[in-house]
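Quick note, the sequence shown lines up with residues 34 to 292 if you use the numbering used here.
These are computed hints drawn from the structure, not numbers from a lab. Where hints are given, some of them may not hold.
Claimed, not checked - Taking lysine-lysine pairs in the DSS-like style, the calculated list, with each CA pair at most 25 Å apart, reads: (1) LYS121 x LYS272; (2) LYS218 x LYS151; (3) LYS89 x LYS77; (4) LYS224 x LYS196; (5) LYS196 x LYS216.
Stated by the list, open to error - Quick list of simulated restraints, FRET-style, between CB atoms: (6) SER277 x ASP117: 23 to 29 Å; (7) GLY154 x ASP225: 33 to 39 Å; (8) LEU229 x GLU192: 31 to 37 Å.
Using N, Cα and C, we set each Cβ at its ideal position, and we do this for glycine too.
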Amino acid sequence: MTYKKSDLIEFANIVEDLTGITLDHNQEFLIEKRLKSTLELLRKTKVDKTFFDCLKNKKDIESKLISMFTNNETSFFRDKLPFDFIVKNVQESESEISIASVASSTGQEPLSIVISLKEAGVTQSKFSINAYDIDEKALHHPLDVGYRQFELNRGINEELQRKYFVVHDRKFFPKEEILTSVKFKQFNILKDNFNLDFNIIFCRNLLFYFNEENKMSSVDKLTRHLTPNGILVLGNGEKVVHQSLEEKSWNGLVYYVKK
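The whole structure should be built from the sequences, with the hints applied where relevant.
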């Protein structure tokens, strides 16, 4: 099926409005592929006004579209240095550290934070973790879906697997002691607001999906919800310039401190 250029652009704009993800208008093949998948999801045979109205107005479809278009590629202890860094900061603090994992996907990042802290002997009273993601389906992954063996093997050795996970129907589920250490919440960084501030925010590998306007809007929001001298950790290669943030480094890890 051949799609009109104007339809591809309108579709890309709707996707960006829902998810914040920018689909390059020049990458027509990618947009066509996503459009075809959406037609199948909605059980539509053609792109017309009814199709676009359905996309814009049916709230029950929005969550399915978000699951389709967001990239949940992640792993346990992805880039280990940030987790060593967070342990260092929690250990050095005399008060409780509030941590946010933004774009937490299927939960590997916040669970890796908990495991890192527990393995370092940090007690639960010294930290709190909130995990946020736009995809509600992804947020239920740790409790309802579990992880496959190869997902754990990408970052967690056998000893830690036995210590922090239980096996059911060949799926690995986090034990209660680490699962209850994280509060999971659906959150669209472009539309929703945090209801508290954080000492440390992880927002890794999200901003490069956004156009410049959405990127800076997100950084503004993250910065507003950092405590004084709070820390923002982005993904490798994600750089920002912001009047309220000072760039620093630790053992090669680039991070930002609220001025």
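Cross-check of the supplied hints:
This hinted pair checks out: LYS121 and LYS272 have alpha carbons roughly 23 Å apart, not beyond 25 Å. With a CA separation close to 22 Å, the supplied pair LYS218 and LYS151 stays within the 25 Å bound. Restraint check: the Cα-Cα separation between LYS89 and LYS77 comes to about 15 Å, which is no more than 25 Å; the hinted pair holds. Between LYS224 and LYS196 the CA atoms are separated by roughly 38 Å; this puts the pair beyond 25 Å, and the hint is violated.
Restraint check for LYS196 and LYS216: the C-alpha separation of about 21 Å stays at or below 25 Å, so the hint holds. A hinted range of 23 to 29 Å holds for the C-beta pair SER277 and ASP117, which are about 26 Å apart. Distance hint check for GLY154 and ASP225: the Cβ-Cβ separation is about 35 Å, which falls inside the suggested range of 33 to 39 Å. Distance hint check for LEU229 and GLU192: the Cβ-Cβ separation is about 35 Å, which falls inside the suggested range of 31 to 37 Å.
In this structure, the one hint that does not hold is number 4.
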